[in-house]
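What follows is the residue order along each chain.
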Amino acid sequence: MARRAGPVTRAGRAVALGVAALTLGTLLAVLLRAETASFGPADWSALRFTVLAALTAATLSVGLAVPASRALTRRRFPGRGLVITLMGAPFLLPVVVAVLGLLAVFGRSGLINRTFEVLGLSPVSIYGPHGVILGLVFFNFPLAVRMVLSGWQAIPAERLRLAAALGFGPDAVFRHLELPMLRQTLPGAFVAIFLVCLTSFAIPLTLGGGPRATTLELGIYQALRFDYDLGRAALLAAAQFALCAVAVGLAARLALPTRFGAGLDRQVERWDTRGWVLRLQDSVVLMLSCGFLMLPLAMIALRGVEGLPEMPASVWPAALRSVLVALVSTALCMAATVTLCAAISAGPAARWIETAGMLPLAASSLVLGTGLFILVHPFASPERLALPVTALVNAAMAMPYALRLILPAHREVEAAFGRLSDSLALTGLARLRWLILPRLRPVIGFASGVVAALSMGDLGVIALFANESQATLPLVVQQLMGAYRMPAAAGASLLLVGLSFALFWICDRGGRRHAAS
Amino acid sequence: MLRLDRLEIRQGDFRLNADWQVAAGERVAVIGPSGAGKSTLLMAIAGFIAPERGDILWEGRSLLQVAPGDRPVSTLFQDQNLFPHLTVAQNLGLGVSPALRLAPVDRARMEEALIRVGLGGLGGRRPGELSGGQQGRAALARALLRARPILLLDEPFAALGPALKADMLGLVSEIAGETGATVLMVTHDPADAVAFAPRTAVVAGGIASPPADTADLMRNPPPALAEYLGRFRA
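Protein chains in written order, with this note's numbering: chain A, 1 to 517; chain B, 1 to 234.
Don't read these hints as lab results, they were simulated from the structure.
Heads up, some of the hints might be wrong.
[Claimed, not checked] Where chain B lies over chain A, by a calculated footprint (3+ residues, C-beta under 8 Å):
no.: 1; region: 405 to 419
no.: 2; region: 435 to 442
[To be verified] Chain B residues, not near chain A, derived (Cβ > 12 Å throughout):
no.: 3; residue: Asp13
no.: 4; residue: Arg15
no.: 5; residue: Trp20
no.: 6; residue: Gly35
no.: 7; residue: Ala103
no.: 8; residue: Ala108
no.: 9; residue: Leu160
no.: 10; residue: Ala163
no.: 11; residue: Gly170
no.: 12; residue: Arg199
no.: 13; residue: Met218
no.: 14; residue: Asn220
no.: 15; residue: Ala224
no.: 16; residue: Ala226
no.: 17; residue: Tyr228
C-beta atoms are modelled at their ideal positions from N, C-alpha and C, and glycine is treated no differently.
Let the hints inform the model, and build the full structure from the sequences given.
Right, here's the structure in full:
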C-alpha cells in the first residue's frame, strides 16, 4: 500500500525527535555532570522518603477511593453530578493554592487546631512527613475515585440484572462482579498515582523539608538554589529519573486508565444495595470524602476574598507572565501533540513515535530543569531564560496527558474517514485542516484547557530558574507563604485559581462551540 | 482496460485470487456470500490493501505504486462517504481540489453536478440534514465531478429501501454512461446484478471468477453461486 509521507508525517518525526532530545538530552547532561561519589546519607534518606511517601499516598488514595467510588456508583442523590465534577477539580488546581487551603484547615491556626484548642487538646502540626502525605492524598484521592469509578461503571448493567435475578446479596455481588473488576482496575490506578506522587515538587516544598521530609525533587531544588552545587543536583536528578523510569516500566505492564472518565455520571440500577446498613455506610463515606475535598476549597475562597485587598502590586505582572507562559506552552503542546498523532496514524515507526511522546512521563520537571540549567548556564544567565524554558518544559510535561486524550479520538477519526480521505488524496496540511482539526475540535479544546491550567499552576522548573523579576503567580504565592504573609498569599491564590479555571473554561468552551456533529 | 494479473490477496488466513480483465466502460457486478472477499477485492483495486503477488493494471500501467487518491478510481464506500462536519458543497469541492482551492469554473461545475443528481441548491447543507438517499446522491455527484475512469461501488446503497436503491442504480447507470466509466459494483442482491450489470463476477471459495454473462449465470449458476442464491432464479 502506498504510504502517506507528507510534510505532516515528517514534522511528526521531527517533534518526536525533539521531545526525545529534550528528555534524554537533558538526562545525558545530568548524568555527565553527576558526582557519583557524593551520594551521602542525606541523599539516601531523600530517596527513601520519596518512595515511602509515594507508596503511602498511593495506597491511601486508592484504598479510600474504593468505598468512595462504590458509594458514588450505587447511590443517587441530588448533586451527584456535581460531586463527580468536584473530583476532577484538584487535577487542575494549582498545588500551592491547594496547600494554602489545607493549611487553612489543618494548619497551626486552621479549623482543626482551633477546634482542638476549644476542646483543650494540644495542637497538631501539618508540617513534616504526614503533611506531605496529606497533601499528596488530597490531590490523588479524587483522581483515584474517578479511575475506580470508571471501573465500576464498566460492569455491564445486564450482569447486575442477572445477579439480581439469581438473588445475589451484596457479598455475592462483591465476590463475583466487583472483586474481579477491582483486581483489574486498582493496580493501574495505584501505579499511575505512585508516579504522580514521585514527581511532586510543590507539596514537599511547602509542607515538607528538613531531614525527615525532603524528597529527591526538593533536594535537587535545594542543591541548585541554595548550595549552587550542580554536581549534587545532577546526581539527585539522575536518581529521580531512575526511580521514575522503574515506575513507568511498571506502569507500561499494567493497563493504565486512559480517559479522564467521560460519561461518569451515567446511572446504573443496583438491586443489591437497598439495606439500611449499606445506605448509612455510603452516606458517611460520601460526606467524609466531600468534606475532605470541599473544606479546603471553601477556605481558599473564603480567605482569598478577605485577602484580595492585601495583595502586593507584584501579583499583577506575575499574573500576566503566568498567562503568557500558559498560552505559549499550550500552543506548543497542542501543535506538537496533533503533529505526533498524525505521524502515529500514518504508520511507519508509529510505536517509536508514540513512545517518544510519552517519555516526559518518566522525566520530572526538576530533572528537565536541572538538565537545561546545566546546558544553558555556560552560555546565558538562567534567569534571563526562565520564562521560555518554563513554557517549553510545561509543554513537554503536559504532552503525555494531551497525547492520551487526543490520540484515541484521532484514531477514531482516521478509522472512520481515513479511507475516504485517502481516496480523495486529502493528505498533509489539507487533511489536517479539513478533516482532523474540525473533527477533533472538542477534544483539542478540552486538552488545551487541561494543559493551560496545568501550566498556569505549575511550580517546578520556574522555581529553579527565576529571580524576583520573572516570578510567575504560583511562585509569588509560594514566596508570600514563605514570608508568612498569609492573607496576601490567600488573595493571590484566589486570583490564580480564577485565572486557571477561566483559561480551562475558555479553551473547553471554544472547542465545543459550534462543534461538528 | 482494467486487468487483474494473477492477483493474490492475503489477510491472515484469508486468501483471494483473481486473474481477469474488464474492458473500459463495462459494468460488472461482484456477487457472492458475505466474507468471501467482495469488498476486499475492491479495496485492493482502490489501493487500501496491498496484494501479496500479481498486479493491478489500468490501460497497461501498474497501479500498485500509486497512492489511493492518485489512482484512476472513485470509490463509494458502504458508509462514511461524506464528511459530516463539512457542507455538501465542501464535500464536493474536496473531490476537485484537496486543498479546497476552487476557481469560479469549479464552483459552476459543482452546482451543475448537484443539479444533475437532483440536489440543486442544497450545497450549503450538512450531510446530517440530508436523507439517506440524498447523501448517496451527493457522493455520486462528487464521483461525477472527479470523472475518474473506474467507479467502485462497495454496496453504498445497501441501507436504502428497494425503490430508492433502484433510483440510485438508475442514476449510477446514467452517470457511468456519460463519463464512460468502468463500474465494479459489489452486491449481495442478485436482482441488482440483473438490473445493473451485463456481466457478473462470482467471488466464493477464495476465487474471484472472471466476469460472465449475468443472465446466463442466473439461469445456470455454478455450484458456489447456486448454494448462495438458494432458490432465486432470474
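Do three or more residues from the region 435 to 442 of chain A put their C-beta atoms closer than 8 Å to C-beta atoms of chain B? holds (count 3)
Nearest-CB test (12 Å) between chain A and B/Ala103: holds (17 Å)
So B/Ala226 supposedly isn't at the interface. Is its beta-carbon more than 12 Å from every beta-carbon in chain A? holds (33 Å)
Does the claim that B/Asp13 lies off the interface hold, with its Cβ farther than 12 Å from every Cβ of chain A? holds (20 Å)
With 12 Å as the threshold, tell me whether B/Ala224 passes as away from chain A on beta-carbon distances. B/Ala224 is indeed farther than 12 Å from all Cβ atoms of chain A, at 29 Å.
Going by Cβ atoms, does B/Asn220 stay more than 12 Å from chain A at every point? holds (37 Å)
Can we confirm that no CB of chain A comes within 12 Å of the CB of B/Leu160? Holds, because the least Cβ-Cβ distance between B/Leu160 and chain A comes to about 19 Å, which exceeds 12 Å.
Would the non-interface assignment of B/Arg199 survive a Cβ cutoff of 12 Å against chain A? Since the minimum Cβ distance to chain A is about 25 Å, B/Arg199 lies beyond 12 Å and the statement holds.
Taking 12 Å as the cut and beta carbons as the points, is B/Tyr228 off the interface with chain A? holds (27 Å)
Minimum Cβ distance from B/Trp20 to chain A greater than 12 Å, as the annotation requires: holds (22 Å)
Does the claim that B/Ala163 lies outside the interface with chain A hold up, using a Cβ gap greater than 12 Å? Correct as stated: the minimum Cβ-Cβ distance to chain A is 27 Å, above 12 Å.
Given as covered by chain B, does the region 405 to 419 of chain A meet the bar of three residues or more with CB within less than 8 Å? Holds: 3 residues of the region 405 to 419 of chain A have a Cβ under 8 Å from chain B.
Figure legend: structure checked against the earlier numbered hints; every hint is met.
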